[in-house]
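First to last, the protein sequences are chains A and B. Quick note: the first sequence uses numbering that gives the first Met the number 0, first residue 0, plus one each step. Quick note: the second sequence uses numbering that gives the first Met the number 0, first residue 0, plus one each step.
Source of the hints: derived by calculation from the structure; they are not laboratory data. Among these hints, one or two may not hold up.
Ranges between beta-carbon positions, derived for each pair [what the hints assert, rightly or not]: (1) A:Thr43 x B:Ala11: 20 to 28 Å; (2) A:Gln41 x B:Ser62: 52 to 60 Å; (3) B:Thr29 x A:Arg126: 33 to 41 Å.
Within a straight-line C-alpha distance of at most 35 Å, the following computed DSBU-like cross-link-like pairs (lysine-lysine) qualify [what the hints assert, rightly or not]: (4) B:Lys4 x A:Lys142; (5) B:Lys79 x B:Lys122; (6) B:Lys3 x A:Lys142.
For the chain A half of the interface with chain B, some residues (derived, Cβ under 10 Å), not all of them [to be verified]: (7) Thr109; (8) Ala141; (9) Leu144.
Only a predicted model underlies this, so the values are computations on that prediction, with no experimental measurement involved. The beta carbon of each residue, even a glycine, is placed where N, CA and C say it ideally should be.
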Amino acid sequence: MPDARRLLQDGYRYALALTHHHRDAEDLVHDAWLSAQGRWRQPTRRYLYAAIRHRWVDRMRRRAREVLMDSVEPTSDPIPDIETPIDRLDLEAALSALRPREREALYLMTVEGWTARDVARLWETPRGTVLSLVHRAKTKLAKALTRGETYVDQEAR
Amino acid sequence: MSTKKLDEAVRAYYREAELPLETLERWQRTRPPRTKRPFLVTAFAAGTLALAVLTVLVFDGPSPEQRLATEVWAHHRAAKPVDVRAANIEALGRRLVRLDFRLRSSRRLGDLRTHGGRYCSLKGQVAAQAILEDAAGRRHTLYATPSTPRFENIDAATVEMAEGGQVAVWREHGIIYALASGSSGKRE
């Protein structure tokens, strides 16, 4: 069932964007997959992603962590150009410093090709909030990668 | 300012992240845990079966006397009119010429007066139906049929029926008698 495998891989990557932790991502997508199979022989991408996200939110709430940001201050900082090749480990460290929601938006728009409107509909937030989040995420990543520094956000995971 | 390089790096980072093939195969083989609904269905079926077994063990269904009384009671409630008038049971027997047995009265009928009767059947066997009346004017219906093997399990009994009625069953003179009393709807 190659389509199912592709869906699982994509679900895993989405879960990884949320958690930035391979084992947690694997647990999330496995739980969501089992749940989805109880409903359909093969779940839709929309259902699987929603199941992954709901489980992740539940887990974060149990850990008493604030994962949802109600407001995002717009940033006008320019995103620095990156001249040198990007090292994978450096990128991983920079991604780990992002807020979960920043990583999620970045993943959905950059990797999955969602529009800001799609993400805004998923989160039930204004489109501008999504654009601000993605801009800020990219700014943080670029700064960390160009200066070799990692922006440490106290609210990041 | 271009984020193309950064975007490509992010895409590459996530696309390199893959679940191992054996994990995927294991997940695809794994069936989801049973939901609560099949469990409830199974529990309900098991409970119903247990109840049925318990019912059979404890109550063992209606007795032969109860089954006969139920049939008699249905005839009694129908309260069909007499076809043949007769002053006593023996006279009724003589008028019902198609009976294949000699209809005799029973000591248990006491001073019930006979009005008449008609042909009937019990368990698919020809029977005599006699309409009787007691001193208070209450209607009783007597059924009589030969005590053939169809009735070999019948013992003397009084079966309480709905609405305060009752059916008395007994065997005498090689005849099965059933006397239904109460709630006939006529002359009560």
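Exercise. At a threshold of 10 Å, is the proposed contact between A:Ala141 and chain B supported by beta-carbon distances?
Worked result: Status holds, d = 6 Å.
Problem set entry | 35 Å limit on alpha-carbon distance, applied to hinted pair B:Lys4 and A:Lys142 | holds, 13 Å
Exercise. Is it true that B:Thr29 and A:Arg126 lie within 33 to 41 Å of each other by Cβ?
Worked result: Check passed, 39 Å falls within 33 to 41 Å.
Problem set entry | Proposed proximity, A:Lys142 with B:Lys3 (alpha carbon, max 35 Å) | holds, 15 Å
Exercise. Taking 52 to 60 Å as the hint, is the beta-carbon distance of A:Gln41 and B:Ser62 inside that range?
Worked result: 59 Å Cβ-Cβ, so the 52 to 60 Å window holds.
Exercise. Between A:Thr43 and B:Ala11, is the Cβ distance one that fits in 20 to 28 Å?
Worked result: holds, 27 Å
Exercise. Is the shortest C-beta separation between A:Leu144 and chain B less than 10 Å?
Worked result: Where the cut-off is 10 Å and the nearest Cβ of chain B is about 8 Å from A:Leu144, the hint holds.
Exercise. Keeping to a limit of 35 Å between CA atoms, is the pair of B:Lys79 and B:Lys122 held or broken?
Worked result: The hint holds at about 18 Å.
Exercise. Any CB of chain B closer than 10 Å to the CB of A:Thr109?
Worked result: Holds, because the Cβ-Cβ distance from A:Thr109 to chain B comes to roughly 5 Å (cut-off 10 Å).
Checked against the numbered hints given earlier, this structure breaks none of them.
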